[in-house]
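J.: Spelled out from the first residue to the last, the chains are:
Protein chains: 2
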Amino acid sequence: MPDPGPTPLPPGRPAPAPRFGAPALADALARTAAPAAAAPTGRALPTRPVLPFGTAPAAPAGPPPEHPPPPAAPAHSADALLRIVSGPSGLGTTALHWARSAEAPAVPELPAVPELPAPAASRPIPGLYHHPVPEPDPVRVEELSRRIKAWATDEVQAFPPEWEDQFDGFSVSRYMVACHPDAPTIDHLMVAARLMVAENVVDDAYCEDGATSPDVGGRLLLAHTALDPLHTTEEYRPAWEESLSSDAARRCYRSAMEYFTQLAAPSQADRFRHEMSRLHLGYLAEAAWDATEYVPEVWEYLAMRQFNNFRPCPTITDTVGGYELPAELHALPAMQRVIALAGNATTLANDLYSYMKELKSPGKHLNLPVVIAEKEGLSDKAAYLKAVEVHNDLMHAFEAESAALAAACPDPRVARFLRGVAAWVDGNHYWHASNTYRYTLPDFW
Amino acid sequence: MPDPGPTPLPPGRPAPAPRFGAPALADALARTAAPAAAAPTGRALPTRPVLPFGTAPAAPAGPPPEHPPPPAAPAHSADALLRIVSGPSGLGTTALHWARSAEAPAVPELPAVPELPAPAASRPIPGLYHHPVPEPDPVRVEELSRRIKAWATDEVQAFPPEWEDQFDGFSVSRYMVACHPDAPTIDHLMVAARLMVAENVVDDAYCEDGATSPDVGGRLLLAHTALDPLHTTEEYRPAWEESLSSDAARRCYRSAMEYFTQLAAPSQADRFRHEMSRLHLGYLAEAAWDATEYVPEVWEYLAMRQFNNFRPCPTITDTVGGYELPAELHALPAMQRVIALAGNATTLANDLYSYMKELKSPGKHLNLPVVIAEKEGLSDKAAYLKAVEVHNDLMHAFEAESAALAAACPDPRVARFLRGVAAWVDGNHYWHASNTYRYTLPDFW
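Read top to bottom, the protein sequences are chains A and B. Those letters in the first sequence? Residues 160 to 604, by the numbering used here. Those letters in the second sequence? Residues 160 to 604, by the numbering used here.
If you're looking for bench data, these hints aren't it; they were derived computationally from the structure. Treat the hints with caution; some may be incorrect.
[As the list claims (entries may be wrong)] Simulated coverage check for chain B against chain A, where a stretch passes if three residues somewhere in it have a Cβ under 8 angstroms from a Cβ of chain A:
#, segment
1, 437-445
2, 448-454
[Claimed, not checked] Straight-line distance between alpha carbons at most 20 angstroms, and here's what the computed EDC-like set of lysine to aspartate or glutamate pairs gives:
#, chain 1, residue 1, chain 2, residue 2
3, A, K523, B, D374
4, A, K308, A, E321
5, A, K534, B, E401
6, A, K308, A, D324
7, A, K534, B, E417
8, B, K534, A, E393
9, B, K534, A, D374
10, B, K534, A, E394
11, A, K545, B, E393
12, B, K534, A, D324
[Unchecked claim] Over the 12 angstroms line for every Cβ pair with chain A, so calculated as not near, a few chain B residues:
#, residue
13, V298
14, A364
15, E394
16, P397
17, R496
Computed from a predicted model, the values in this text were never measured in an experiment. For each residue, glycine too, the CB sits at the ideal point set by N, CA and C.
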């Protein structure tokens, strides 16, 4: 899992960077036009209410840029993108966040963008493309904070008493309220918060500096069975069941998953298991490189980081929002690409915010600036700034592909899911930028 | 991947062993009744013809048992099971294979079971519960053999010339024709055959004895991107694309996946990626235990083997059969349990057939008999015979849960998929029992 900062805001920039992968997208949409078109009138899904998205945050226009804007995008201008975004109709599509940019007021059909102050404590990385969010609802944050701590300490004994400061400093409740503005209840937020805590406990206990051992492959697989259960004989099942309460990692996974599956449809649970198997593959690749002191090529690092990635978190946005993106729509290659781009962008944001923290950790901790510096012979500062650009390119690609998919697949659940992923990306950035307990920025500006 | 023997047949035994997990099944079916019931009249799926299953093999009654029958099953008698199986109606449900047993003629509504001779070269493990299959169509076998070899040698250079004997001895064409009796064309069989070859090449190149290296976690992840593509920037994408042709493992994965996705719906491709990420997690757990010389508890071994498992192969049965089991039905907990039980039974059959082969390999090769002998203090023979019983228990559980699911979820696609999984299990057993090039049996009888 990515290890989930400071200065005035660079602007929201609506124009996407050069689009890549357009042929793949076109191919995907061509392959999938029939089910997408048929979806709105199709078979009833396990019903949970599809809620209006009234709590969605409105993004501010932001202060003037400190850095020059990117070159004009060759494939879509900002206006063209906004026209694409205005294509889909249906529940909540007017609130697609990527239309909420500095240029949004130029498009009359989009809602006015209120001017919101940046959160007082938020210190975004200069030049990092992002969308600010309003401060999360303090009432929700407080209630979620109380409940998630009770779960962590009383129900699953997630950490020893001496880790309490770190748990509090992680601010998981503020994090989850920021990332899931459409969660209908605290119960829904608890589902996200438990999984987030569980994922971090497993990472800390099995994978982070000093915790990795040569048998991490075996340990992670046994922990994975708390998510994806063992099916075996009566003789051997009890020992497996007992193992699920034998350490904090498995206690957290099991409990968090049990609550999750009470809320999720089977295909949402299956989706989450898949994401977690990807995450565990990513952990194991990173562990292997650490054990062999291998410094990967930049593309290899990016591949590993597509797996050791935040992706399990935004992809539960529909469960936490109380609705379901049907599996056929989730599996569309264009949707998979959007999710991957969002996950990659937000995971690299984590690399950038945790750069100083990781510099202080023992041994060489791989992150994108470190790998770029070593493999491309750049200074630390130049490598860091290049990593910012890689992140920005991925963010632009995510937004362009997301808008194109929303236009091509006018199903309100698609629009809402895409908006949920974007809200998660924005909330995740907010949390990093405002979490001064964990993160400080390098002196590169 | 499991490393994919001899004597007259023990009988097909229709009565399931004690059912385990009934509460989980009931819970699953209760949770999912609505979508299952609604499915047949629901939204149109990407259309591929649903074909009559006229080529399904009829299983013989088999010769009389050499071993005493198991104790009477407490939950279902054979008759009760057959009545359950006769419940579902729809395309092809009369051919659900688990009804084709030695006792089938006692139930008048089931078709008569023709007496087929056991394949001449088949030497099943005594006492191993299985269903014999007729010899695969030699015309299909020959044509598939020609085409898969051309793919392996000309298109992807899957192996060096000195491995040609091993490739031929693997008999992948006979294997796949036996496992996919409802494949409408050789093109469909080629999809299964390419993936099977690719999975074995990756296993041989990265994971099998002598090939495992401390960086296997990194290598497998990079290979996995040939199935689950990297989404990155224009600058780094070309190096990743080049990597996909840089070794036989990735060439095989990439090509096999490309062909597969031409035939598969997006959710079928997503399902397969999930199965492959499970497989790779299993490889990495096994590699970690090998590296640390850890001998797992029996339940731990069974957990690892649920991942390092044949499961990716039977779960493409619908794609190879030219139809689609919708993702919502595939994700049902009861369906996931059936698939896991089938995968576990058939994977343990592999442990039993490859026991002698693995005894001869360098170092200690973990398999179920070896782990039982070491952890439970049994003789090699007693451990082997106990492993046979574990296999049989899982087979009985698979059949009981499969029948219950077919009855509870009367969707013809569910029935056909379940039958396809069962056909795969049977074909896989046939291949092991008849592959005297690879396997010999211990002298335990």
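J.: Hint by hint, say whether it matches the structure.
T.: Each hint, compared with the structure:
Counting residues of the segment 437-445 of chain B whose C-beta sits closer than 8 angstroms to any C-beta of chain A gives 7, which meets the bar of three, so the coverage hint holds. Counting residues of the segment 448-454 of chain B whose beta carbon lies closer than 8 angstroms to any beta carbon of chain A gives 4, which meets the minimum of three for the stated coverage. Between K523(A) and D374(B), the direct Cα distance comes to roughly 17 angstroms. Compliance with the 20 angstroms bound is thereby established for this hinted pair. Between K308(A) and E321(A) the CA atoms are separated by roughly 14 angstroms; this keeps the pair inside 20 angstroms, and the hint holds.
Restraint check for K534(A) and E401(B): the C-alpha separation of about 18 angstroms stays at or below 20 angstroms, so the hint holds. About 12 angstroms separates the Cα atoms of K308(A) and D324(A), which keeps this hinted pair within 20 angstroms; it holds. The hinted pair formed by K534(A) and E417(B) fails the criterion: a straight-line CA distance of about 31 angstroms is larger than 20 angstroms. For the suggested pair K534(B) and E393(A), the alpha carbons sit about 18 angstroms apart, so the restraint of at most 20 angstroms is met.
The straight-line distance between the Cα atoms of K534(B) and D374(A) is roughly 19 angstroms, inside the 20 angstroms bound, and the hint therefore holds. A C-alpha spacing of about 14 angstroms is found between K534(B) and E394(A), which places the hinted pair at or below 20 angstroms, so the restraint holds. Using a Cα cut-off of 20 angstroms, the hinted pair K545(A) and E393(B) holds, with the two alpha carbons roughly 14 angstroms apart. The hinted pair formed by K534(B) and D324(A) fails the criterion: a straight-line CA distance of about 42 angstroms is larger than 20 angstroms.
V298(B), annotated as away from the interface, keeps every beta carbon of chain A farther than 12 angstroms; the closest lies near 32 angstroms. The beta carbon of A364(B) sits about 16 angstroms from the closest Cβ of chain A, which is more than 12 angstroms, so the claim that it is off the interface holds. Interface exclusion of E394(B) from chain A breaks down, the closest Cβ pair being 8 angstroms apart, not more than 12 angstroms. Against chain A, the non-interface label of P397(B) is violated: not every CB pair exceeds 12 angstroms, the least being about 8 angstroms.
The beta carbon of R496(B) sits about 6 angstroms from the closest Cβ of chain A, which is not more than 12 angstroms, so the claim that it is off the interface is violated.
Hint compliance for this structure: hints 7, 12, 15, 16, 17 are not met, and every other hint is.
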